[in-house]
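Novice: What follows is the residue order along each chain.
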Amino acid sequence: MSEETSSNNTDYWRANLKWVGILLTVWFIVSYGCGILFVEELNKIRIGGFKLGFWFAQQGSIYVFVILIAIYVRIMNGLDKKYGAKKG
Amino acid sequence: MDVQTWTYLLVGITFALYIGIAIWSRAGTTGEFYVAGGGVPALANGMATAADWMSAASFISMAGLISFMGYDGSVYLMGWTGGYVLLALLLAPYLRKFGKFTVPDFVGDRYYSKTARLVALICAIFISFTYVCGQMRGVGVVFSRFLSVDIELGVIIGMTIVFFYAVLGGMKGITYTQVAQYCVLIFAFMVPAIFISLMMTGNPIPQLGFGAEVTGEGVFLLDKLDGLSAELGFNSYTDGSKPMIDIFFITMALMVGTAGLPHVIIRFYTVKKMSAARTSAFWALLFIAILYTTAPAVAVFARTNLLTSIPGKSYEEAPEWIKSWEDAGLIAWMDKNKDGKIQYEAGDAFTGKPAFDEENRGANGERLLTNAAAEGANELYVDRDIIVLANPEIAQLPNWVVALVAAGGLAAALSTAAGLLLVISTSVAHDLVKKTFAPGINDKKELLIARCAAGVAVVVAGYFGINPPGFVAQVVAFAFGLAASSFFPVIILGIFSKRMNREGAISGMILGIVFTASYIIYFKFINPAANTKENWWFGISPEGIGTLGMILNFLVAFIVSAVTPKPPQDVVDMVERIRLPESEGEELAVSDH
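Chains as they are written, first to last, in our numbering: chain A, 1 to 88; chain B, 1 to 593.
The set of hints was computed from the structure by calculation and includes no laboratory data. On a predicted model such as this, the values are computed, not experimentally measured, just so you know. The C-beta atom is built at its ideal place from N, Cα and C for all residues, glycine as well. Where hints are given, some of them may not hold.
As a list, the in silico DSS-like pairs of lysine-lysine whose alpha-carbon atoms are at most 27 Å apart [unchecked claim]:
1. B:273 / B:498
2. A:82 / B:273
3. A:82 / B:97
4. A:18 / B:498
5. B:97 / A:81
6. A:44 / B:242
7. B:444 / B:114
Pairwise CB distance ranges, derived in the manner of DEER restraints [what the hints assert, rightly or not]:
8. B:564 / A:17: 22 to 28 Å
9. B:219 / A:70: 34 to 40 Å
10. A:81 / B:217: 51 to 57 Å
11. B:29 / A:29: 44 to 50 Å
12. B:363 / A:29: 56 to 62 Å
13. A:70 / B:241: 33 to 39 Å
14. B:308 / A:47: 21 to 27 Å
15. B:448 / A:70: 38 to 44 Å
16. A:67 / B:530: 40 to 46 Å
17. A:28 / B:187: 30 to 36 Å
18. A:45 / B:566: 51 to 57 Å
19. B:198 / A:67: 25 to 31 Å
Bound conformation, chain A alone (with noise of 0.2 Å):
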C-alpha cells in the first residue's frame, strides 16, 4: 500500500467515525434523553393531545431513528464516491 492511499483511507475512516459519532449523539439525546431521562419535564408541554415526552418515548424517537439511518446512508455513499477508487 503506498503513502498516498493508506493516508486516503485513514481520512475516509476519520471521517466515518466523526459522522458515527455526531449521529450517535442525536440517537442517545432522542431516546434515551427525551423518551427517558427528562420525559417529565417534556411532558409539561403538549402538542395536540401528546404529552411531549410521552410523544418521545412512543413516536418520535422512531421517526429520529429512520431519519438518522437515511442520512447516514447518503453521508457514507459520498463519501466513498469521494475515497474509494475511481473504475478504470
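With chain A's structure known, arrange chain B on it following the hints.
Specialist: Chain B in isolation, oriented as in the chain A frame:
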C-alpha cells in the same frame, strides 16, 4: 360470509402464495442456501428483514403489552427499533464486507480461535431456539382461535409449511417468501388500525389519531384514557410506574440485543455490497417503523374500548367477543360478588393464570375457574395477547378484517420462524460440521447437512410449540440479554479496535454471558419470589441486566487485551481491509475461503 370462511380463504391464499414462491426460488448451492447467493436487492432485503424481525411477538403481543403498560411499554418501541441505528452505523456494512456466512464465522476468524467460534455458535443456536419455540406457539394460538383446530394440529400445519420452504429454498426461498409475508402482515396490521382510528377520532392516520380528540366528545383521547384509568384505579396511561433506571437499562438491552441477534445480522450478508447493506438497514427500519409507530396507537384505541365497553356490564349483555375469547381460554371472569356484572378495575381477579373447571358453567353461563379469588374487586382476567387479535371484533369491524388479522399473525410468526431455522441449520452445517469437525466435505454434502439440520430444527421447534416449556416467556429476556452481553461487544471491538485480541474477546464474552445468565436464572428460576425492585442490583430488572453484562464485557475485554499479546499481523490487515472505502462498481463475493 362468516369469519371462519373468510379465514380459511385468506389463510389458504397466502399459504399457496408462500409455497409457490418456495418452488420458484429453490436453492442449488450452499451460497444460495445460506445467503441467497449474496445478490438480493436492498429494497427487497429491507422488506425481508422487516418480516424476519417482526415476529408473533411484535404482531400479536406488543400492542397488547403496551396497552396494559402505557408509557412503560415504550421500552419495546424504542428498544426494538433503535437497535437498527446501531446495526446500520456500526455492524452491518462491515460484516458484509468481511464476506462470510455467519456471525460465528466472523468471531472465529477475527479472533483466530476455534474456542471463540464455538462460544459464539452455542449462543447463536440457543438464542434462535428460544425464539423459534415462541413463534410455533403463536402459530398454534392463531389456528386454534380462528380456524377452530387444535393447537397441536395448528402447529403441525405451520411446521409443514415452514419445512417446505426453508428446507427446499434455504435463504433464497426464505427471502422472497418474507417479502410476501411482509406485505401480508403490514396490510393486516394497518387495515384495522385505520378503521378504528377513523371511528374513534375521525383521523385515518393512527399515528395522529391517538393524539387527536375523541369524535363528538371534545376531549383528547389520551386525556380520556388517563381519566378512565384513574377512575378504575389503574396507573395513569401516559406516565410510567417503573423506575427510570430500569426503563433505561431495559431499552438499552433490547436495542443492543436487537443489533446482536444472529437471524437479523445474517440478512445483511445477502446483499451485493457494503453500501447496499446500509441502504437495506434503512429500508428495514422504515418498514418496521410503519408497524411500530402504529402499535402504540392500536394500544390506546384498544385500551379505551376495553375500559368503556366492559366495566359494570352484565355478563349476559357483554359483547360476543368476550365469550368467544373465554372459550379460547384467554379471557376469564370470576363473579366474586355474585351480581352477574363484570367488575373490571386494577388488581388481579384471581391468583395465577386461569385454570378452568373443565367445561362447567356458572350461574350466568360463564366458564368456572378453580383458581383462588384474589383480594380486591376486579373480576376479569384479560390475556395481553388478545388485544391485537380481538381488536377488530371489539371495534365491530367486518368479518374479512378479522380474518385478515389471522393471516397477518401467521405471516409474522412463519417469517420469523423460517429465518431462525436458517440460522440454526447454517450454524450446524457450516460452523459446526464444516469449520470444526469435517473441513474436507464438499459443497453438495454440506448443503445436504444444512437441509437435514433445518428439518430436524423444524421438528424440535414444533415439539416445543405443542408442549411449550413453561419458561418460553421468561427466556425471551435471555435471548436479548445474551445477544447484548456476548455478540454485540465482540463484533464492535472486532471492527473498531485493531488491538483487541483473542484473550480479551473470549474472556469478555464468557464473563458477559455468565454474569447475565446467572442474574436471570437466579431471579427467574431459582428464586422467583425475590424478583422485586428491592432485591435487584441498582434497581435493574432481569430484562435490563444484559446492559450491565455488555458493559462488563467491554471492560474486561479492554483490560485483558491490554496485558496479553497483540493479535497477529494478518488479523490486523483483515481489520484494515474491512475499513476501506468502497470502490466504484465494486461487488462483494461470498465465499468460504
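Novice: Under the criterion that the straight-line Cα-Cα distance not exceed 27 Å, is the pair residue 44 (chain A), residue 242 (chain B) satisfied?
Specialist: Distance of about 19 Å is within 27 Å: holds.
Novice: Can you confirm whether the C-alpha distance between residue 82 (chain A) and residue 97 (chain B) stays at or below 27 Å?
Specialist: Satisfied, since the Cα-Cα distance of roughly 19 Å is no more than 27 Å.
Novice: I want to verify a distance hint. Is the separation of the beta carbons of residue 363 (chain B) and residue 29 (chain A) within 56 to 62 Å?
Specialist: holds, 58 Å
Novice: The hint says 40 to 46 Å between residue 67 (chain A) and residue 530 (chain B); measuring C-beta to C-beta, is that right?
Specialist: holds, 43 Å
Novice: For the pair supplied as a hint, residue 82 (chain A) and residue 273 (chain B), is the alpha-carbon distance within the 27 Å limit?
Specialist: It holds: about 17 Å lies between the C-alpha atoms, which stays within 27 Å.
Novice: May I ask you to test the hint 34 to 40 Å on the CB atoms belonging to residue 219 (chain B) and residue 70 (chain A)?
Specialist: holds, 37 Å
Novice: Taken at face value, is the distance from the CA of residue 114 (chain B) to the CA of residue 444 (chain B) at most 27 Å?
Specialist: holds, 24 Å
Novice: If you draw a straight line from the CA of residue 273 (chain B) to the CA of residue 498 (chain B), is it 27 Å or shorter?
Specialist: holds, 23 Å
Novice: Could you check the hint for me, namely that residue 448 (chain B) and residue 70 (chain A) are 38 to 44 Å apart, CB to CB?
Specialist: The hinted range 38 to 44 Å holds for residue 448 (chain B) and residue 70 (chain A), with Cβ atoms some 42 Å apart.
Novice: Does the beta carbon distance between residue 29 (chain B) and residue 29 (chain A) stay inside 44 to 50 Å, or does it fall outside?
Specialist: holds, 46 Å
Novice: Note whether the CB distance of residue 81 (chain A) and residue 217 (chain B) lies within 51 to 57 Å or breaks it.
Specialist: holds, 55 Å
Novice: Starting from the hint 30 to 36 Å, judge whether the C-beta atoms of residue 28 (chain A) and residue 187 (chain B) obey it.
Specialist: holds, 34 Å
The structure shown violates none of the earlier numbered hints.
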